[in-house]
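Number of protein chains: 2
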Amino acid sequence: MRILVDVMGGDLPPRELVKGGVAAGHKLNIDILFSGEQGVISSALSALHEHEGNRFSILPSSQIIAMTEPPVQAVRVKKDSSLVNGLVALKEHAVDAYVSPGNTGAVVAGAVFIVGRIAGIPRPGIAVIIPTVSDREIVVIDVGANVDCSPEHLLHFALMGATYVRDVLRIAKPTIGLLNIGTERAKGNKVVHRVYELLADGPLPFVGNVEGHHLLTERPVDVVVCDGFIGNVFLKTLEGGISAMSTMIKNGVTKSLRGKFGGLMLRPVFSSIRKKLAYNRSGGAPLLGVNGSIVIAHGRSDAVAIESAIDVAYRAVECKLNETMAKGMSGWDENGR
Amino acid sequence: MRILVDVMGGDLPPRELVKGGVAAGHKLNIDILFSGEQGVISSALSALHEHEGNRFSILPSSQIIAMTEPPVQAVRVKKDSSLVNGLVALKEHAVDAYVSPGNTGAVVAGAVFIVGRIAGIPRPGIAVIIPTVSDREIVVIDVGANVDCSPEHLLHFALMGATYVRDVLRIAKPTIGLLNIGTERAKGNKVVHRVYELLADGPLPFVGNVEGHHLLTERPVDVVVCDGFIGNVFLKTLEGGISAMSTMIKNGVTKSLRGKFGGLMLRPVFSSIRKKLAYNRSGGAPLLGVNGSIVIAHGRSDAVAIESAIDVAYRAVECKLNETMAKGMSGWDENGR
Numbered sequence: 001m002r003i004l005v006d007v008m009g010g011d012l013p014p015r016e017l018v019k020g021g022v023a024a025g026h027k028l029n030i031d032i033l034f035s036g037e038q039g040v041i042s043s044a045l046s047a048l049h050e051h052e053g054n055r056f057s058i059l060p061s062s063q064i065i066a067m068t069e070p071p072v073q074a075v076r077v078k079k080d081s082s083l084v085n086g087l088v089a090l091k092e093h094a095v096d097a098y099v100s101p102g103n104t105g106a107v108v109a110g111a112v113f114i115v116g117r118i119a120g121i122p123r124p125g126i127a128v129i130i131p132t133v134s135d136r137e138i139v140v141i142d143v144g145a146n147v148d149c150s151p152e153h154l155l156h157f158a159l160m161g162a163t164y165v166r167d168v169l170r171i172a173k174p175t176i177g178l179l180n181i182g183t184e185r186a187k188g189n190k191v192v193h194r195v196y197e198l199l200a201d202g203p204l205p206f207v208g209n210v211e212g213h214h215l216l217t218e219r220p221v222d223v224v225v226c227d228g229f230i231g232n233v234f235l236k237t238l239e240g241g242i243s244a245m246s247t248m249i250k251n252g253v254t255k256s257l258r259g260k261f262g263g264l265m266l267r268p269v270f271s272s273i274r275k276k277l278a279y280n281r282s283g284g285a286p287l288l289g290v291n292g293s294i295v296i297a298h299g300r301s302d303a304v305a306i307e308s309a310i311d312v313a314y315r316a317v318e319c320k321l322n323e324t325m326a327k328g329m330s331g332w333d334e335n336g337r
Numbered sequence: 001m002r003i004l005v006d007v008m009g010g011d012l013p014p015r016e017l018v019k020g021g022v023a024a025g026h027k028l029n030i031d032i033l034f035s036g037e038q039g040v041i042s043s044a045l046s047a048l049h050e051h052e053g054n055r056f057s058i059l060p061s062s063q064i065i066a067m068t069e070p071p072v073q074a075v076r077v078k079k080d081s082s083l084v085n086g087l088v089a090l091k092e093h094a095v096d097a098y099v100s101p102g103n104t105g106a107v108v109a110g111a112v113f114i115v116g117r118i119a120g121i122p123r124p125g126i127a128v129i130i131p132t133v134s135d136r137e138i139v140v141i142d143v144g145a146n147v148d149c150s151p152e153h154l155l156h157f158a159l160m161g162a163t164y165v166r167d168v169l170r171i172a173k174p175t176i177g178l179l180n181i182g183t184e185r186a187k188g189n190k191v192v193h194r195v196y197e198l199l200a201d202g203p204l205p206f207v208g209n210v211e212g213h214h215l216l217t218e219r220p221v222d223v224v225v226c227d228g229f230i231g232n233v234f235l236k237t238l239e240g241g242i243s244a245m246s247t248m249i250k251n252g253v254t255k256s257l258r259g260k261f262g263g264l265m266l267r268p269v270f271s272s273i274r275k276k277l278a279y280n281r282s283g284g285a286p287l288l289g290v291n292g293s294i295v296i297a298h299g300r301s302d303a304v305a306i307e308s309a310i311d312v313a314y315r316a317v318e319c320k321l322n323e324t325m326a327k328g329m330s331g332w333d334e335n336g337r
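Protein chains in written order, with our numbering: chain A, 1 to 337; chain B, 1 to 337.
Pulled out of the complex, with its shape left as it was, chain A reads as follows (with noise of 0.2 Å):
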């Protein structure tokens, strides 16, 4: 397997993003390519002790889409960027999977303009991966792909999340959630009473609505539908809500010396907490619906980051998920399987 590393986007320097790509490679036995400026990724790979060759090979570019860049423009004129020179390799097949820690909207673009939809999807979707205070994760799609959805693009995501826990996280019958604004039926706008209908009439395990404050920690679904600028709200306003909370923690901590004691022995709660909930930091999205196994990772992802952005990339290749995707909704039986 061969997966495809945009090294030159995100916020933190390519040298950092190699690195990840690197630890990938040996860890998980796969090739990598990386994308980008060939002399920056040359010695990044040297101060590493690799060496360019079939484990890490460079595809080279000359331009760099910059994170405020308006999306489609940018994808229509960089010709010659990183990020689009690595989606016409994943379009050509010179590679399995595509990982980009750079401008979602130019990602998402992209992948429409240059390595297509899946035949019958509609709009391609990005499903985050979210902690729960369980063990056990969540998905939510889409979280920005599209910010205005029709109630069938929604019955897509669907679509698309279940088959992506059932087959890449493993969850047998997984259960779909409508993302509302109350729990009964009744609740919500015109979209959400469409898209309840549609779920409700179609073959797929959807189970009703869901509400912001129960997901994380009552877990009532396996994957979360919503609009994708809703998504994107919910996902930043999660954040915001954790942030603001370390921040007044960390601010009482330190204002008193029994605060300082406190602090240091839930040092190793604090730390923990703060690893389970670094979901933006860490991990990537898949872009679901397009013709290949794309992920977006954060933008200010680190090696760290990078290489877990990998693995979830790693992981939809080795499922063959896509293929499974266009099947459409024939690949669901009434039992969620």
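To be clear, the hints were calculated from the coordinates, so they are not data collected in a lab.
Don't take every hint at face value.
Claimed, not checked - Simulated crosslink set (SDA-like; lysine to any residue; CA at most 25 Å straight-line):
1. LYS255/A <-> GLY259/B
2. LYS260/B <-> PHE270/A
3. LYS190/A <-> GLY259/B
4. LYS190/A <-> ARG274/B
5. LYS250/A <-> GLU152/B
Nothing here was measured: the structure is a model prediction, and the numbers come from that model.
Chain B: place on chain A using the hints.
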């Protein structure tokens, strides 16, 4: 001043809510009219060594609107409910303000049908006052009165939110932000794009887009404007993030002796944070844009929460908020005054 309290539709028993009303009546030196079952309220007053009179009076009713009832239908059918009777009393100026911990949808629907909208304001909005890491609060509007908003509705939420913050919270030159999924102007869906234009061209003190992850830590603005579906997801997700982290800390603390000891040391810190972040159980959310002062208390409100919701209503009446709001955009000049 006389404020009405609907004591029947909350999650806690009426005697708990009467207790909050009695405390507020004494503290603020105002009259309280309790809406609900005569006998129940009467005995609750007796238990508190109070009696029916000018200070504490009763508006009797024979029906209760439950939390799960479909709002519009409930308001139409249950004409002798504590919720509806209270709104009629507000409409007829028998009271200066109205507080209810009952079915939010029913309060909103009843307010529009019975009390009516302020001329020029197309839709009322629920404003919620949220504590931040700094000691200054932030107001988010709408958090659930409307779930299919047009851009013009959000423009009016901005007007109402800014007026509330300026006149009730007494923040001079308040700033307004639009809840979005990125700070750049081009981010977001069709509705927020249009809202951005309307706000940028208008007289209100608009500063741009804001996101869920930095609102509580950086407090970039005084007022956050959003569609009620989005705002409700925002509010519940914030609660979800905080409660997930609390649960994880609790689990970590109880797992070892060291943890238990650290937890004991940090008890004052945790308790002050809990108090600060319990916005879901305390205070009250003003319903802005209707012809009367209405405050929606949390369904789980106890006596303290009801007392604080009455205080929110009291302050809105004191500063003649609705009269200012009726002046519309003309009440604002380019200096945010």
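Hints, verified against the model:
1. LYS255/A <-> GLY259/B: holds (20 Å)
2. LYS260/B <-> PHE270/A: holds (13 Å)
3. LYS190/A <-> GLY259/B: violated (48 Å)
4. LYS190/A <-> ARG274/B: Given pair LYS190/A, ARG274/B is violated - Cα atoms ~36 Å apart, limit 25 Å.
5. LYS250/A <-> GLU152/B: Between LYS250/A and GLU152/B the Cα gap is close to 41 Å, so the pair fails against 25 Å, i.e. violated.
Comparing the model with each numbered hint stated earlier shows that hints 3, 4, 5 do not hold.
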